[in-house]
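Chain X: place on chain A using the hints.
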Amino acid sequence: MELAHDLGGRVGFGAPVVEDDEPVFHEPWERTARALVYAAMGAHPNPTTSAFRHAIERMDPGHYLASSYYEHWLTAAASVAVESGVVTSEELETLAGGAFPLARPEVPPQVDGSGEQRFAVGDRVRVVAVRHGGHTRCPGYLRGRIGAVTRVDERFSLPDVEAHSTQRVVEGTYGVRFPARDLWADADPHAFVHVDLWDSYLEPT
Amino acid sequence: MTTDHHHHPPEPAPIERRVAALEQLLTERGLVTPDLVDEVNRAYEEDIGPRNGAQVVARAWVDPEYKRRLLLDGTAAIAELGFGGAEGDHMQVVENTDAVHNVVVCTLCSCYPWPVLGLPPAWYKDPPYRARVVREPRVVLAEMGCRLDDDVEIAVWDSSAEQRYLVLPQRPAGTDDLTEEQLAELVTRDAMIGVARL
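For the record, the sequence lines run as chains A and X.
Using the numbering used here, you'd call the opening residue of the first sequence number 1 and step up by one each time.
Using the numbering used here, you'd call the opening residue of the second sequence number 1 and step up by one each time.
Source of the hints: derived by calculation from the structure; they are not laboratory data.
All residues carry an ideal CB built from backbone N, CA and C; glycine is no exception.
Hints may contain errors.
Unchecked claim - Covered stretches of chain A, as calculated for chain X (at least 3 residues, CB under 8 Å):
no.: 1; segment: 17-31
no.: 2; segment: 193-199
Claimed, not checked - Okay, the calculated beta carbon distance ranges per label pair:
no.: 3; chain 1: X; residue 1: T97; chain 2: A; residue 2: R155; range: 23 to 33 Å
no.: 4; chain 1: A; residue 1: N46; chain 2: X; residue 2: D73; range: 26 to 36 Å
no.: 5; chain 1: X; residue 1: R147; chain 2: A; residue 2: G115; range: 44 to 54 Å
no.: 6; chain 1: A; residue 1: Q117; chain 2: X; residue 2: D73; range: 17 to 27 Å
no.: 7; chain 1: A; residue 1: T94; chain 2: X; residue 2: V100; range: 53 to 63 Å
Unchecked claim - One side of the interface only, derived from the structure: several residues of chain A facing chain X at Cβ under 8 Å:
no.: 8; residue: E154
no.: 9; residue: W184
no.: 10; residue: A187
no.: 11; residue: H190
Okay, chain A solo, but in the shape it has when bound (with noise of 0.2 Å):
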């Protein structure tokens, strides 16, 4: 089972509703709570975007489904706040003269990252099945998937890793191309899907 965030494949979501000539911040809340992740930030003792995107991934599903992406920021913003221990939760609820729904607490997960580049452009490779309870960036759909590696990127700081702590583990990226059909058995048979991986998440086929 995956968390709320991780979206790609679901059903049951309708068209996308697009908007004309849509400003950049819809309400001045929505301005100020964009400035306020980096506030927060500046206090966490490991400020990655890989934490900041987890403090999001740790929402309520419920509340993160129901909720604008500059309502996201803010939750993670002030769950940082008060996890770094720079305001506490009873003191914004009192000043918001209400519930301030934050994230729930991390759960570490055990994970050493394989540190390398194993593979090249035009090798075959399965996406590691199991997933670990953390912050991770291998979309739910392509768990257990063959894929072809059709670039090889630069090597990054592992995701998984350095979400949860100061530790990196730097290994190789990828691109990897999917058939749409051999994700969802009622897929466009002339469409693929390319999703960007790190080594991690591969294994040989």
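Same frame as chain A, now just chain X:
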């Protein structure tokens, strides 16, 4: 606050009040400086947006050598026009042809090439597009007004790691007489995400 007899979570305070509460506390603790909100946002309200990407596309249409560099090393070629920075440090440019149509998504959050497109529109960040465009891209594109023949291959790019994607749309027919600046006027944000054709 009312007592919660039915074990439902209490209603959250209005979003504006939650934002104001956090802003006040972080200001008291020295983490929000007076200019911070303007500093992090103003460039995206005034300077950085899809007009940047449109300049890149128009240049590629008129200069084959630039287009070659753009497809080979998007980050460097985009930097030639002065664009780069956060969410644009590792750019991949994918070219539409008669046979292949490209479309960009981030199913896990909302990764988007800020230096060339600005901040993403709401539909790009909301669940329907993120959930569906990987699984039924031709249907979603048609719903958004972009109808593709069944034999046109669709390549969906899920920006799940550090690369950010810009679609290079096809140059419209009948534009041979236009200048580079006039061509840039034709290029839309949606065409550079891949949910429209020009």
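- Grab the minimum C-beta distance from A:W184 to chain X and call the hint holds if it beats 8 Å, violated otherwise. holds (5 Å)
- Item | Given coverage of the segment 193-199 of chain A by chain X, checked by CB-CB distance under 8 Å (3 or more) | holds (count 6)
- Taking the CB of A:Q117 and the CB of X:D73, does the distance hold inside 17 to 27 Å? holds (19 Å)
- Query: Holds or violated: is there a CB of chain X closer than 8 Å to the CB of A:A187?
  - Reply: OK, holds: A:A187 within 8 Å of chain X, min 6 Å.
- Starting from the range 53 to 63 Å, see whether the pair A:T94 and X:V100 falls in it by beta-carbon distance. 56 Å Cβ-Cβ, so the 53 to 63 Å window holds.
- Measuring from the C-beta of A:E154 to each C-beta in chain X, is the shortest one below 8 Å? OK, holds: A:E154 within 8 Å of chain X, min 7 Å.
- Message: Taking 44 to 54 Å as the stated bounds, is the beta-carbon spacing between X:R147 and A:G115 within them?
- Response: Because 46 Å falls inside the window, the suggested range holds.
- Message: Quick check on the hint: A:H190 CB to chain X CB, less than 8 Å?
- Response: holds (5 Å)
- For the range 26 to 36 Å, tell me whether the beta carbons of A:N46 and X:D73 fit it or not. holds (32 Å)
- Message: For the segment 17-31 of chain A, count the residues whose Cβ lies under 8 Å from any Cβ of chain X; is that count three or more?
- Response: It holds: at least three residues are needed, and the segment 17-31 of chain A offers 10 whose Cβ sits within less than 8 Å of chain X.
- Message: Is 23 to 33 Å respected by the C-beta to C-beta distance linking X:T97 and A:R155?
- Response: Holds, since X:T97 and A:R155 (Cβ atoms, about 31 Å apart) stay within the stated range.
Figure legend: structure checked against the earlier numbered hints; every hint is met.
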